[in-house]
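There are 2 protein chains.
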Amino acid sequence: MKAVILGAGNLASSLAPALARAGVEIVQVFSRTEQSAARLALCLNNLQATRVLTTSSLKDIKPDAELYIYAIRDDALPEVIEQVAALGCGGEALHMHTSGSAPLETLSKCFRRAAVFYPFQTFTLNAEVDFSHVPIFIEATDDLTLGQVRTIALLLTQNIYVADESQRKRLHIAGVFANNFSNAMFAIASEQLQRAGLPFSVLLPLITQTAQKVHRMSPKQAQTGPAARHDLGTIAEHLEKLGGQEQQIYQLLTDYILQHISPDTEN
Amino acid sequence: MKAVILGAGNLASSLAPALARAGVEIVQVFSRTEQSAARLALCLNNLQATRVLTTSSLKDIKPDAELYIYAIRDDALPEVIEQVAALGCGGEALHMHTSGSAPLETLSKCFRRAAVFYPFQTFTLNAEVDFSHVPIFIEATDDLTLGQVRTIALLLTQNIYVADESQRKRLHIAGVFANNFSNAMFAIASEQLQRAGLPFSVLLPLITQTAQKVHRMSPKQAQTGPAARHDLGTIAEHLEKLGGQEQQIYQLLTDYILQHISPDTEN
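Residue numbers (the numbering used here), protein chains in the order written: chain A, 6 to 272; chain B, 6 to 272.
Everything labelled a hint here was simulated from the structure, so no lab data went into it.
Check before you lean on any hint, since a few could be wrong.
As the list makes no split between identical chains, a pair holds if one copy fits it or if it spans any two.
Stated by the list, open to error - Derived SDA-like pairs (lysine to any residue); straight-line CA-CA distance at most 25 Å:
#: 1; residue 1: Lys225; residue 2: Gly28
#: 2; residue 1: Lys114; residue 2: Asp236
#: 3; residue 1: Lys114; residue 2: Asp135
#: 4; residue 1: Lys225; residue 2: Ser62
#: 5; residue 1: Lys225; residue 2: Thr38
#: 6; residue 1: Lys225; residue 2: Leu209
#: 7; residue 1: Lys246; residue 2: Tyr166
#: 8; residue 1: Lys225; residue 2: Ala132
#: 9; residue 1: Lys7; residue 2: Ala90
#: 10; residue 1: Lys225; residue 2: Thr213
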């Protein structure tokens, strides 16, 4: 199966090599940034027998591939899709995007065989992801296409779910809380440690345990801390030591825990 | 070394067995809740040769132990300490509390040899903690006592830091963000998934990766998501799907990331 990948960012840079390793032939990488396309191509050329082409111009997208993967920012999707449609790819080609938020229609209004292929994971350049643990949420214009998308997903993982747009959006919001906002909490914690002259590394065992606990119990059961034990004295003391947005965040999240997450016992 | 542990909550229930395994003889467990004391004693009796006593009355605390560990809520500390001091324990006994927020003076005003022994980790009943990875922050009235506290800490871990009250408070705040608030984010994510009819388990690979990434890069480098890539369209869409406190939290944390955590590249 010959595939063109549009995008060379965090997700594309994890997904394209994983597909290449699984036997998909990546024939071309498109990125607005030539350097990004070249970096991903360098990686792919080490993984497959045939050399991958790169382009930063949508007009040069190869129209004869079997699979087109749109792994680009949501706000760039409509324009890129429109321009690829203008190239007149074959009607049998499968076009799929990897977005949690964009509807299937973004693609299906331009292509007969369209799909969504949303890997629910955080991707960062140079942080390799083991796809065998990544749930992939799929949707397609028709059952035949869905079957084909499932086959592609199965190259990477057994965790495949069919999800419609509404489920996927809710999932994306869940991911923002679970990953993006947790990570922002780590960033604030890191700044607090810097102020105390302590290294970030002292936080790592706590962060690891935080993630491990919810594998064995629900987040509500795992909740600890001053708010969970209604320790208003400590909360007041902490608020006094914080300022600006950090203080607002502490207050709001404490209120949330006090109101929604049932109190725990001592410590 | 004969030790009395005051408290039978989350921390005490992890710490006392870990010390017993390392050879400390726990002679007595105090808890206001008899059932909690009995549960911890049951566990300790399987780990050491001598049977542990339990009490729910401070007047019955044994005054002849060498070590008293106060693993209780901050707001209960002053009263418990005062009552134990009234028993007239020997002047050579070491009294240490496990709080991130309470000052050393809470103890040192009543006992000649006082210390703080703050294990920086989240503790929950039935979630075993491997202390060898837990950093322990210590402080003591004098060098001799500090040396003894270090010896006790070394029974559990190599990660021992001397930290004063101000550092410990900052550390405690960092812990609230890194653990308590991250966990609250998981709780909100879990509710979003419920609404989509999806199981919490689909979040676990993302949560694991979120924790693993900051072992290899800073939280700022690890930040992804709509706010990090300034994807205002997706942010507006998510805010529209949320209400109440969840919406406020989404807005505030998004503003924080937009302002403080530098933008990432595609996806």
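Violated hints - listed by number, lowest first:
Hints 1, 3, 4 not satisfied by this model.
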